[in-house]
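Participant: Residue numbers (this note's numbering), protein chains in the order written: chain A, 46 to 300; chain B, 51 to 282.
One or more hints might be untrue.
What the hints assert, rightly or not - The calculated lysine to any residue pairs, modelled on SDA-like cross-linking and capped at a C-alpha distance of 25 Å, are: (1) A:176 - B:158; (2) A:119 - B:154; (3) A:62 - B:216; (4) A:174 - B:222; (5) A:130 - B:225; (6) B:158 - A:61; (7) B:215 - A:269; (8) A:221 - A:258; (9) A:176 - B:239; (10) A:198 - B:228; (11) B:215 - A:206; (12) A:294 - A:269; (13) B:219 - A:129; (14) B:215 - B:167; (15) A:119 - B:55.
No lab work stands behind these hints, which were simulated from the structure alone.
It should be emphasised that the depicted structure is a prediction, and the values quoted were computed from it without experimental measurement.
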Amino acid sequence: MKKILEIKDISKIYQAKNGEIEALKNINLIVYEGELLSIIGPSGCGKSTLLSIIAGLEPKTSGKLYIDGEETTKNSTKIGYMLQKDSLLEWRSIYRNVMFGLEIRHLKTEENKAYVEELLKKYNLYEFKDKYPSQLSGGMRQRVALIRTLAVKPKILLLDEAFSALDYQTRLMVTKDIYKILKNEKITAVMVTHDISESISMSDRIAVLSSRPATLKCIKKIDFNIENRDPLNVRETPEFSKYFDSIWKELDVHA
Amino acid sequence: MHKKNISDDRKKYLRKKYIKKISIVITQISILIAFIAIWEISANKGLIDSFIMSQPSKILKTFINLSSNDLLMHIQVTCNETLIGFLLGTGIGIVIAIILWWSDFFSKVSEPYLVVLNSLPKVALGPVIIIWVGAGTSAIITMAIAISLVVTILDILNGFLETDKEKIKMARTFNCTKFQLLTKIIIPANVSNFINSLKINIGLSMVGVITGEFLVSKAGLRIFNKLWKPGI
Ligand SMILES: Nc1ncnc2c1ncn2[C@@H]1O[C@H](COP(=O)(O)OP(=O)(O)OP(=O)(O)O)[C@@H](O)[C@H]1O
Ligand SMILES: [Mg+2]
Chain A
46 MKKILEIKDI SKIYQAKNGE IEALKNINLI VYEGELLSII GPSGCGKSTL LSIIAGLEPK
106 TSGKLYIDGE ETTKNSTKIG YMLQKDSLLE WRSIYRNVMF GLEIRHLKTE ENKAYVEELL
166 KKYNLYEFKD KYPSQLSGGM RQRVALIRTL AVKPKILLLD EAFSALDYQT RLMVTKDIYK
226 ILKNEKITAV MVTHDISESI SMSDRIAVLS SRPATLKCIK KIDFNIENRD PLNVRETPEF
286 SKYFDSIWKE LDVHA
Chain B
51 MHKKNISDDR KKYLRKKYIK KISIVITQIS ILIAFIAIWE ISANKGLIDS FIMSQPSKIL
111 KTFINLSSND LLMHIQVTCN ETLIGFLLGT GIGIVIAIIL WWSDFFSKVS EPYLVVLNSL
171 PKVALGPVII IWVGAGTSAI ITMAIAISLV VTILDILNGF LETDKEKIKM ARTFNCTKFQ
231 LLTKIIIPAN VSNFINSLKI NIGLSMVGVI TGEFLVSKAG LRIFNKLWKP GI
């Protein structure tokens, strides 16, 4: 399997006004092509920090980062990053929102436009392309945000609590939609979440981090003996609760 | 597009909205008319002193009287001065706000100065301005700018700095440059701020111009105070 992302011994110490905050300690992680890896850990442990470092939005203190075989030191164009808030620009139509990344990177070619339109059609947003964000539901907005990110054809997609702003029902539906999109388009993704069930339902592997400073505790492989796996149907399998228990133990959430 | 098949409920809703809009306008006009009528009547009945409070009919008479005396020219002078002061004040204010947004260093450096300048009573600057730029139209316009500039800078800069951090982060995930951040996120996100600033500034510029005219003018609506004289 091809390595798309390799994190070698990455540490991060924030310099804050009132001292140093050690967020990450010697993290090692490999992400393979086409897989969906989720990162789970206690709140405030450094998950978002790790994603920001991968995206190059935050400098690392030490360690090395390889994306698609190349060492990367700054904001890479091979990364797509989806945040908790959809951050659609309310003054732009859906179509112009989806084109935002291409516009910023000066990549508005006919080919890319066709790709975006195809994505919009495939995921039932084409008829809304002239509408404005306020006219769409939360779930649709999150799908628009995903297409905006996919439009620039990233090698790796990073998702930071991308669904946690949605209500529970919408969230289940959106995870299903987004799972389908990721698998259809063969996207490699790294996803951060608080929600153990969500991580099991979507991931191929789960990396469990310790509390701050985050170290890698273990990586669990998630396999379901089920046809046409999707984030909803796996929840009823007996493996699901076994995975849940073992990750719960790893997280060591002693109240 | 959807005009063809409007439901009855929709028609009712639209009609209700329309009626509400009309009633608001009618009420506004009625209040104005009532105000003028009461003013006129109380002056006639001697309830208020028309020497101090004037009277609509007298204002009208003087107005007509003055029209032959170039009132329109004076109105035009004042309007032009206000417009120029307003455009310059707002324009320069926005440009300075952009510069300060761009450079966090300059913005921190200038902060105490802006606060002090903002609390300064600008009208008191009048005589100084006349010394600087001479007693003419330029003094009037400088007055108008002086009144609106600092407020504009502070308001616009504040809006810039309060732009949704998540949107900025989103744009950064696409590797946007600082200039792109400015033109594609910061400025469009602050359009309503600009409009607010424009609304406030047109008033402030008018105050500046009238103040300036009191000090130096040979032409302009300062002549306005003549309207209050019961008869010319
Ligand atoms: N820019 C910063 N400067 C200083 N400290 C920071 C900064 N960003 C994050 N931290 C600190 O680093 C630690 C890790 O933060 P991070 O946001 O990565 O955690 P997280 O696991 O994503 O948390 P959550 O579960 O709340 O999303 C926290 O203690 C946080 O206070
Ligand atoms: Mg986080």
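Participant: All hints, please: hold or fail.
Facilitator: Status of each hint after checking the structure:
Between the alpha carbons of residue 176 of chain A and residue 158 of chain B the distance comes to roughly 41 Å, so the proposed pair goes past 25 Å and is violated. With a C-alpha separation of about 22 Å, the suggested pairing of residue 119 of chain A with residue 154 of chain B holds against the 25 Å cut-off. Between residue 62 of chain A and residue 216 of chain B the alpha-carbon distance is near 23 Å, which keeps this suggested pair within the 25 Å criterion. Taken as a hint, the residue 174 of chain A and residue 222 of chain B pair is honoured in the structure, with Cα atoms around 24 Å apart against an allowance of 25 Å.
Between residue 130 of chain A and residue 225 of chain B the alpha-carbon distance is near 18 Å, which keeps this suggested pair within the 25 Å criterion. Between the alpha carbons of residue 158 of chain B and residue 61 of chain A the distance comes to roughly 19 Å, so the proposed pair stays at or under 25 Å and holds. Taking the CA atoms of residue 215 of chain B and residue 269 of chain A, the gap is about 39 Å. The hint is violated against a cut of 25 Å. At roughly 32 Å between alpha-carbon atoms, residue 221 of chain A and residue 258 of chain A are farther apart than 25 Å, so this suggested pair is violated.
Straight-line distance between C-alpha atoms of residue 176 of chain A and residue 239 of chain B comes to about 18 Å, which keeps the hinted pair within the 25 Å bound. As the CA atoms of residue 198 of chain A and residue 228 of chain B are separated by approximately 23 Å, the hinted pair is consistent with the 25 Å bound. Proximity of residue 215 of chain B to residue 206 of chain A is assessed by CA-CA distance (about 17 Å); at most 25 Å being required, the pair is judged to hold. The suggested pairing of residue 294 of chain A with residue 269 of chain A holds, with an alpha-carbon distance near 20 Å, which does not exceed 25 Å.
Proposed proximity of residue 219 of chain B and residue 129 of chain A is supported: the alpha carbons are some 11 Å apart, at most 25 Å. Proposed proximity of residue 215 of chain B and residue 167 of chain B is contradicted: the alpha carbons are some 29 Å apart, above 25 Å. Using a Cα cut-off of 25 Å, the hinted pair residue 119 of chain A and residue 55 of chain B is violated, with the two alpha carbons roughly 56 Å apart.
Checked against the numbered hints listed earlier, the structure breaks hints 1, 7, 8, 14 and 15; every other hint is satisfied.
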